[in-house]
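This is what each chain is made of:
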Amino acid sequence: MQDLGIRVLFEGSNFLRLLGGLWITVKIALISVSISFVLGIFLGIVMTLKNPVTKAITRIYLEFVRIMPQLVLLFLVYFGLTRAFQINLSGQLSAVIVFVVWGTAEMGDLVRSALISISKHQYESGTALGLTNLQVYRYIIIPQTVRRLLPLSINLMTRMVKTTSLIVLIGVVEVLKVGQQIIEANRYTAPSGALWIYGTIFLLYFIVCFPISRLAGRLEKRWMN
Amino acid sequence: MKKLKRILSPILVLVLALTLLAGCGGTGSSSAGSSAAQTSSAGTSRSLEDIKSSGKVIIGVFSDKAPFGYVDEKGAYQGYDVYFANRIGKDLGVNVEFVSVEPASRVEYLKTGKVDIILANFTVTEERAQSVDFALPYMKVALGVVSPDKSLITDVSQLNGKTLIVAKGTTAETYFTKNHPEVKLLKFDQYTETYNALLDGRGDAFSTDNTEVLAWALQNKGFTVGIESLGELDTIAPAVQKGNTGLLNWLNDEIKTLGKENFFHKDFEETLASVYGDAVNPDNLVVEGGVVEK
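Chains B and X are the protein sequences, given in the same order.
Residue numbering for the first sequence follows the UniProt record's numbering, starting at 1 and increasing by one per position.
Residue numbering for the second sequence follows the UniProt record's numbering, starting at 1 and increasing by one per position.
If we strip away everything but chain B, and leave its shape as in the complex, we get:
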């Protein structure tokens, strides 16, 4: 029974198909993460401003994205845009847009919290030493913010990788869907295949997410000294 399950994994081009699915997952996650980190930093700075207008806008944006399930956002962009404005986006592009909108909001809030967690005397001591505003940011505030931001943003990054499993609902066949296709195609001939396929998918997600958290751990350690 067990060799039957493993046979399913390597039958035909099944394993290659899984890797192909993984590539889609990683590609969409990478593009979305990089764009939303850049935009998120800007958003975070804007969110710390005392201006009531920017405060209200960013607040509404953040709450909207937080409350909406990602699945609803995906349907809104993929099907909703076509219905309302006759804009026809491909599934992958819709996925990237939704993940960027979501990632930017979450990242912005993380940046905001990291920025305000730096106490006022840090700014003041910098100025007292005769540093200009830019120098205060460059040498005192930004290094500390980045350190506080790192664990949080890694968390967000791995969460985004895993949430890509939703995009199958707008027709993008990623690693999890490929796995389910393989399992279902062999449902009657090799029922134990499911365990092997899911095991492999677990490993693939791990291979993607582990180096990220490893890298973060290293950076954190290096900055401690």
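It is worth saying that the hints were derived from the structure and are not from the lab.
Glycine included, each C-beta is placed from N, C-alpha and C at the ideal position.
Warning: the hint list may mix true and false statements.
Quick list of in silico lysine-lysine cross-link-like pairs, DSSO-like style, CA-CA up to 27 Å [to be verified]: (1) X/Lys65 with X/Lys184; (2) B/Lys162 with X/Lys65; (3) X/Lys242 with B/Lys27.
Listed next, the stretches of chain B that the computed footprint assigns to chain X, with coverage defined by at least 3 CB atoms under 8 Å from CB atoms of chain X [unchecked claim]: (4) 78-91; (5) 163-177.
Sample of chain X residues lacking proximity to chain B, with all beta carbon distances greater than 10 Å (derived) [said to hold, decoys possible]: (6) Lys52; (7) Gln78; (8) Asn121.
Fit chain X to the known structure of chain B by using the hints.
Coordinates of chain X only, in the frame set by chain B:
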């Protein structure tokens, strides 16, 4: 510091807005070039002529529902629905582009015109018929009752006073509660539990969709589907966007023509026979020429 922030804030908001716009615009245009799934009028369905002149028909199928629509180990779409889809492509004289759909997204795909036809085990219901147009049926499902060989149940009357296992929320539960209150029902939340209960002998028989029990009985020695077709007959049909009469009429004609050559029996032989075996009479599942015999 405050002054700096006050000066910076409008600039940052502007930058953010611009990058967002630029990002959308940039990626948007690149995708328009690469994935021209719908070249003409997005949102509204393509007419028969549009499909023919574009050289391909886009058909939404399941990719994980063997043996009706699934992907084989080479990555190619297979199954009862797909076999029909390929024939549609051949008779239209165009290539078939398959889109993997999920049960929950089937109607939306049609409404937004992202596919031309849905061929994903789409059961005809009144509710769905209000948002999409169904063509003639090519398959039917009813309830089936599976029981152990040693006390095989071949007629509903035999169930009188006996225990029948059903899964909650299925058509089987509704049907027996309404039409046969004399049958004792043992209800479970999940399919796996119902099958285990039957194997353990906690009930005398189990009922759900016949496609499901027929395939299960074949895998489990000592059990046979004594009643292959019971209750209200549901039909399965291709669907197109509401109002796409050109394509709908073509599909109806196609199904009628195919009925003359017994196409769906051949489809059954090619795709379903290996799963259901000789135990199943194809006439209990297959609909030829769109005519359902009760």
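Right, here's what the structure says about each hint:
About 32 Å separates the Cα atoms of X/Lys65 and X/Lys184, which puts this hinted pair outside 27 Å; it is violated. Between B/Lys162 and X/Lys65 the alpha-carbon distance is near 24 Å, which keeps this suggested pair within the 27 Å criterion. Between X/Lys242 and B/Lys27 the CA atoms are separated by roughly 36 Å; this puts the pair beyond 27 Å, and the hint is violated. Restraint check on the stretch 78-91 of chain B versus chain X: 8 residues with Cβ-Cβ distances below 8 Å, three needed, restraint holds.
Proximity of the stretch 163-177 of chain B to chain X, defined as three or more residues with a beta carbon under 8 Å from a beta carbon of that chain, is established by the 6 residues found. Every Cβ of chain B is farther than 10 Å from the Cβ of X/Lys52; the closest lies at roughly 20 Å, confirming the non-interface assignment. The beta carbon of X/Gln78 sits about 8 Å from the closest Cβ of chain B, which is not more than 10 Å, so the claim that it is off the interface is violated. Chain B leaves X/Asn121 outside its interface by the beta-carbon criterion, the shortest separation being 13 Å against a cut-off of 10 Å.
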